[in-house]
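Trainee: Please construct the entire structure, taking both the sequences and the accompanying hints into account.
Residues per chain, in single letters:
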Amino acid sequence: MIHVKFFASVRERIGVGEIFLAVPEGGVTVAEVLALAEGEAGVPLQDAHLLAAVNLQHVSFAGVVQDGDEVAFFPPVTGG
Amino acid sequence: MIHVKFFASVRERIGVGEIFLAVPEGGVTVAEVLALAEGEAGVPLQDAHLLAAVNLQHVSFAGVVQDGDEVAFFPPVTGG
Amino acid sequence: MIIKVQQEDFEPMAEMAAYPVDAIAGAGGSVTFIGTVRDYSEAADILAMEIEHYPGMTERELERISAEAARHYDIIDSLIIHRYGHLAPQDNIVMVAVWSRHRAAAFDACRFLMDVLKTSAPFWKKEVTPAGVRWVTDCPGCRAGSREGHTHAPYSHTHS
Amino acid sequence: MIIKVQQEDFEPMAEMAAYPVDAIAGAGGSVTFIGTVRDYSEAADILAMEIEHYPGMTERELERISAEAARHYDIIDSLIIHRYGHLAPQDNIVMVAVWSRHRAAAFDACRFLMDVLKTSAPFWKKEVTPAGVRWVTDCPGCRAGSREGHTHAPYSHTHS
Numbered sequence: 131m132i133h134v135k136f137f138a139s140v141r142e143r144i145g146v147g148e149i150f151l152a153v154p155e156g157g158v159t160v161a162e163v164l165a166l167a168e169g170e171a172g173v174p175l176q177d178a179h180l181l182a183a184v185n186l187q188h189v190s191f192a193g194v195v196q197d198g199d200e201v202a203f204f205p206p207v208t209g210g
Numbered sequence: 131m132i133h134v135k136f137f138a139s140v141r142e143r144i145g146v147g148e149i150f151l152a153v154p155e156g157g158v159t160v161a162e163v164l165a166l167a168e169g170e171a172g173v174p175l176q177d178a179h180l181l182a183a184v185n186l187q188h189v190s191f192a193g194v195v196q197d198g199d200e201v202a203f204f205p206p207v208t209g210g
Numbered sequence: 006m007i008i009k010v011q012q013e014d015f016e017p018m019a020e021m022a023a024y025p026v027d028a029i030a031g032a033g034g035s036v037t038f039i040g041t042v043r044d045y046s047e048a049a050d051i052l053a054m055e056i057e058h059y060p061g062m063t064e065r066e067l068e069r070i071s072a073e074a075a076r077h078y079d080i081i082d083s084l085i086i087h088r089y090g091h092l093a094p095q096d097n098i099v100m101v102a103v104w105s106r107h108r109a110a111a112f113d114a115c116r117f118l119m120d121v122l123k124t125s126a127p128f129w130k131k132e133v134t135p136a137g138v139r140w141v142t143d144c145p146g147c148r149a150g151s152r153e154g155h156t157h158a159p160y161s162h163t164h165s
Numbered sequence: 006m007i008i009k010v011q012q013e014d015f016e017p018m019a020e021m022a023a024y025p026v027d028a029i030a031g032a033g034g035s036v037t038f039i040g041t042v043r044d045y046s047e048a049a050d051i052l053a054m055e056i057e058h059y060p061g062m063t064e065r066e067l068e069r070i071s072a073e074a075a076r077h078y079d080i081i082d083s084l085i086i087h088r089y090g091h092l093a094p095q096d097n098i099v100m101v102a103v104w105s106r107h108r109a110a111a112f113d114a115c116r117f118l119m120d121v122l123k124t125s126a127p128f129w130k131k132e133v134t135p136a137g138v139r140w141v142t143d144c145p146g147c148r149a150g151s152r153e154g155h156t157h158a159p160y161s162h163t164h165s
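Chains as they are written, first to last, in my numbering: chain A, 131 to 210; chain B, 131 to 210; chain C, 6 to 165; chain D, 6 to 165.
Careful, some of the hints might be misleading.
Stated by the list, open to error - Derived lysine to aspartate or glutamate pairs resembling EDC-like cross-links, with alpha carbons at most 16 Å apart:
(1) D/9 with D/57
(2) D/9 with D/20
(3) D/131 with B/142
(4) A/135 with A/168
(5) B/135 with B/155
(6) C/131 with A/142
(7) A/135 with A/170
(8) B/135 with D/57
(9) D/9 with D/79
Unchecked claim - Below, a sample of chain A positions facing chain C; criterion: calculated Cβ distance under 7 Å:
(10) 147
(11) 150
(12) 183
(13) 207
The hints are simulated quantities; they were obtained by calculation from the structure and are not laboratory data. Built from N, CA and C at the ideal position, the CB exists for glycine as well.
Mentor: In structure tokens, the structure reads:
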């Protein structure tokens, strides 16, 4: 299983802060996790400004996700 | 009369913080005030890094000094 | 290097005064940025600000950029405090303090930390206005700290 | 715009907290430089620092550069406090605080004020060291706020 978290406007669109997904052995890309999450939630999340993190680090959508990882999707940050 | 003030290392070299000088009618340059002050004090003040102010404003040594003005000589500033 | 991500308010100078003396021995000065909640935005009065963050990743990112600042600039130490939760206008949101021997490095590093924090630390602001709540969207102009007017989608606003 | 030239110590954040609220309405942040007495110089330990100034001209110069900063940068207001007299290591010497809507202007203006203050405000520092007292001489490297090592006559020192 991987732990998928959503933050801010992405969290509000999907309606929950986190879901758990089973992923194929050998790992998937972040983009594939996003597609799986969209299917699970029934909400499209494709967004030019969507960002992703794996295990608390910023990653690109081509990044690889392994079983047990924590993946997060969120809009561009606006702190400071 | 003009009021001539000295600060920091310049004050210490000349031995006093201020002197009063009579100047010719029509005004003199700052450079001429310096020469007069050196004569009065008996101490050479020529120094590549000497700065001057007239009436509380930075001026060049070519600046004109009128009767009643306050002229100051000091080394490069080191505040901050 | 100290990082604090907290809900509570903070007093910037008390935080600096309390900074471990040994960590900043030899400093000739400090540069501190303090960011506060404004009472207006591009389009509306701001009644309050809600800040969401990503616990764990936030601290990690702030540590990462602090370490990066320490590598790139000749500084002695740095402090970052960032709040989350419910904030009122004029409340402090963030402070970044940098100590150095020579002031140029502190200015450079403080600015670097603010610039990078704004693009990498996982915080999201939501403005509470008389017309309702809305997420603050990333603004490249704001991000660059531009003091010139600039516009961006989707709110297509201009800062005057 | 507030300028204070004083012998007494000051608390930077108390000064900022006491700043007239109306003067800084609309500020989104502030940048503050605080300069302190170091306990070492290029060549010796520093036991104390004596700062001489030119009463009248000092205030006038600080007002002039504050007005110049307000003209050149999109800032809301600025505060400069500079001490004179006898100071001990770690004592505050100077603070410059700048409030602005967007942080870039506050960073630029604060740095500008420190750079210009160091070359134009009539203050002179004298270091008290175990070997005696000596006037601090103007150092172009220090003046530029250089974080690189640099040397200059007559003391021909290097900041490491």
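Trainee: Is the shortest C-beta separation between residue 207 of chain A and chain C less than 7 Å?
Mentor: holds (5 Å)
Trainee: So, residue 150 of chain A near chain C? Judge it on the closest CB pair being under 7 Å.
Mentor: violated (17 Å)
Trainee: Against chain C, run the beta carbon of residue 147 of chain A and see if the smallest gap drops under 7 Å.
Mentor: Violated, about 10 Å.
Trainee: Under the criterion that the straight-line Cα-Cα distance not exceed 16 Å, is the pair residue 9 of chain D, residue 79 of chain D satisfied?
Mentor: violated (23 Å)
Trainee: For the pair supplied as a hint, residue 131 of chain D and residue 142 of chain B, is the alpha-carbon distance within the 16 Å limit?
Mentor: holds (12 Å)
Trainee: Against the 16 Å threshold, does the CA-CA distance of residue 135 of chain B and residue 155 of chain B hold or violate the hint?
Mentor: violated (21 Å)
Trainee: Are the Cα positions of residue 135 of chain B and residue 57 of chain D separated by 16 Å at most?
Mentor: Holds - the C-alpha atoms of residue 57 of chain D and residue 135 of chain B are around 13 Å apart, at most 16 Å.
Trainee: Mind checking the alpha carbons of residue 135 of chain A and residue 168 of chain A for me, to see if they're no more than 16 Å apart?
Mentor: Holds - the C-alpha atoms of residue 168 of chain A and residue 135 of chain A are around 12 Å apart, at most 16 Å.
Trainee: Decide if the proposed pair is consistent with the structure: residue 9 of chain D and residue 57 of chain D, CA atoms, cutoff 16 Å inclusive.
Mentor: This hinted pair holds, its Cα atoms lying about 15 Å apart.
Trainee: Would you check the hint for residue 135 of chain A and residue 170 of chain A, treating anything up to 16 Å between C-alpha atoms as holding?
Mentor: holds (13 Å)
Trainee: With chain C as the partner, please determine if residue 183 of chain A meets the hint condition of a C-beta pair closer than 7 Å.
Mentor: holds (6 Å)
Trainee: Within 16 Å, alpha carbon to alpha carbon, are residue 9 of chain D and residue 20 of chain D?
Mentor: Distance ~11 Å between residue 9 of chain D and residue 20 of chain D Cα, so the pair holds.
Hints 5, 9, 10 and 11 from the earlier list are contradicted by this structure; the remaining hints agree with it.
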